[in-house]
Structure formats: C-alpha cells, structure tokens
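*Asks:* My numbering puts the first residue of the sequence shown at 69, with every later residue one more than the last.
Note that these hints are calculated values from the structure, not bench results.
Keep in mind it's a predicted model, so treat the numbers as computed, not measured.
Incorrect hints may have been included.
[As the list claims (entries may be wrong)] Think about it this way: if two alpha-carbon atoms lie no more than 27 Å apart in a straight line, the pair counts; the simulated DSSO-like pairs of lysine-lysine are:
id : residue 1 : residue 2
1  : Lys233    : Lys221
2  : Lys281    : Lys202
3  : Lys281    : Lys214
4  : Lys221    : Lys148
5  : Lys148    : Lys202
6  : Lys202    : Lys169
7  : Lys169    : Lys233
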Amino acid sequence: MQTTLAVLFHMVKRLRIAPLLAALALCSCTSAPAPKEAEKKPAAPVEPVTGLTGIYRCYGPSRQWAADLQVLRAQNLFVKGRQAPPGKAYAWQVTFVSPSKKRIKNCTYSVVQEDGLFAGVYNPNDEAWNGPTKLAQPFVIQTVKKDTDEIYKVALENSKDYDKKNPGTPITMLLEFSERNPVAAWRVIWGTSVGGSAYSVFVDATNGLFLRKAF
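Make the full structure from the sequences, and use the hints.
*Replies:* Here's what the structure looks like:
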C-alpha cells in the first residue's frame with residue numbers, strides 16, 4: 069500500500085513540474101534578440117549661406133559690444149576647395165563700427181572650420197577707428213533689406229554680355245556706402261577683388277534696384 073502511494077505521489081509531482089518546464093522552454097525559444105545599436109547617420113553636408121545670414125549672425129554678438137553698432141562693410145570670403153553659387157558663400161566677413169567709441173571690429177561667420185576659418189561666429193577684439201571717409205561710411209543694419217542671391221540676379225540681368233564672355237568667373241559681393249552712390253549698395257564684382265577685376269556693378273541694398281556699372 070505504501071509503495072502504491074509513493075508511486076502516485078511521484079506521478080503527481082511530475083505532472084506539476086512538467087508545465088513549468090514547458091513554460092521555461094517556451095520562454096527561452098521566444099525571447100527577443102538583443103537590440104542592435106542605433107546606426108549613426110552621416111552628417112548632412114554644409115551649405116553656403118547668403119549675405120544677410122552672415123550679417124545677422126555677426127550682428128547679434130557684436131550688438132553686445134556697442135549699443136550704437138553700425139555696419140561699415142560686408143563681403144563674402146572664398147574658401148579653398150569649396151565653390152559656392154554666386155550670391156552665397158561658406159563664410160562672410162562683416163565690419164562694424166561704434167561712432168561713440170570710435171572703434172572698429174571685424175566679425176566673421178563661417179559654416180565650415182577650414183582654410184583658417186573658425187566655424188560659427190568669430191568676433192575678435194576691436195581696434196581704433198578714425199571715422200567715416202568718402203569711400204567708407206557707416207549705416208544702420210536695417211538699410212540692408214535685399215539678400216545677396218536676389219542682388220546677384222539683378223546684377224546678372226544687367227551684365228549678360230560680360231558674363232557670357234567671362235563664364236565661370238568668381239563673384240565677389242561687397243556691401244558698402246561711399247560717395248559713389250547716394251545709398252548703401254552691394255557691389256557685385258566679377259573677380260575675387262576690386263583691384264583684380266575689370267568689371268563690377270552696384271545694386272541698391274534696400275530695394276534691389278540696379279544703380280550703375282562701376283567701370
């Protein structure tokens with residue numbers, strides 16, 4: 069009798085353990101695989117920016133330097149190994165002045181850190197300024213309303229013959245206010261500098277109207 073009870077007890081014990089073992093086996097078979105590490109997406113390529121972008125990126129930090137901040141000059145910078153479409157650039161340099169302090173500051177905004185440029189805004193120390201001249205008069209930033217991509221289109225529309233004869237010439241965009249024009253204007257230069265160019269035109273920086281040819 070005792071033997072029979074022992075056998076029955078053993079069978080009941082096995083029946084209780086069997087479902088547990090089956091469940092464990094099922095869990096081991098259906099467990100989710102370890103998550104894979106997120107793949108790193110390649111960084112988006114940097115894009116050149118317009119002149120107004122460069123001017124206003126420099127204006128914010130420079131405004132803390134002087135409450136009467138004014139623009140004296142702005143120009144696109146050429147970056148070695150990179151070619152931007154006319155009216156845009158990978159870097160812009162903006163010259164600000166403070167009439168009350170009689171100080172001048174050159175600020176650079178660049179979307180790349182190469183060819184001697186710092187990425188972002190580079191705002192070095194100021195230096196003494198002798199005041200306005202016939203060739204360089206300061207003006208408020210609100211004067212500049214038309215962006216350089218629009219300015220270039222106006223310049224090109226009035227320079228088709230020269231551009232056709234000189235295809236692929238680098239374009240320099242120089243913002244200035246001088247005795248040459250009664251308003252602040254973008255000087256669109258076919259070449260990398262005023263001195264090294266044989267042709268340039270002026271376009272009003274406020275309304276984008278063509279003013280005249282420089283040569």
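*Asks:* Hint by hint, which ones does the structure fall short of?
*Replies:* 5, 7
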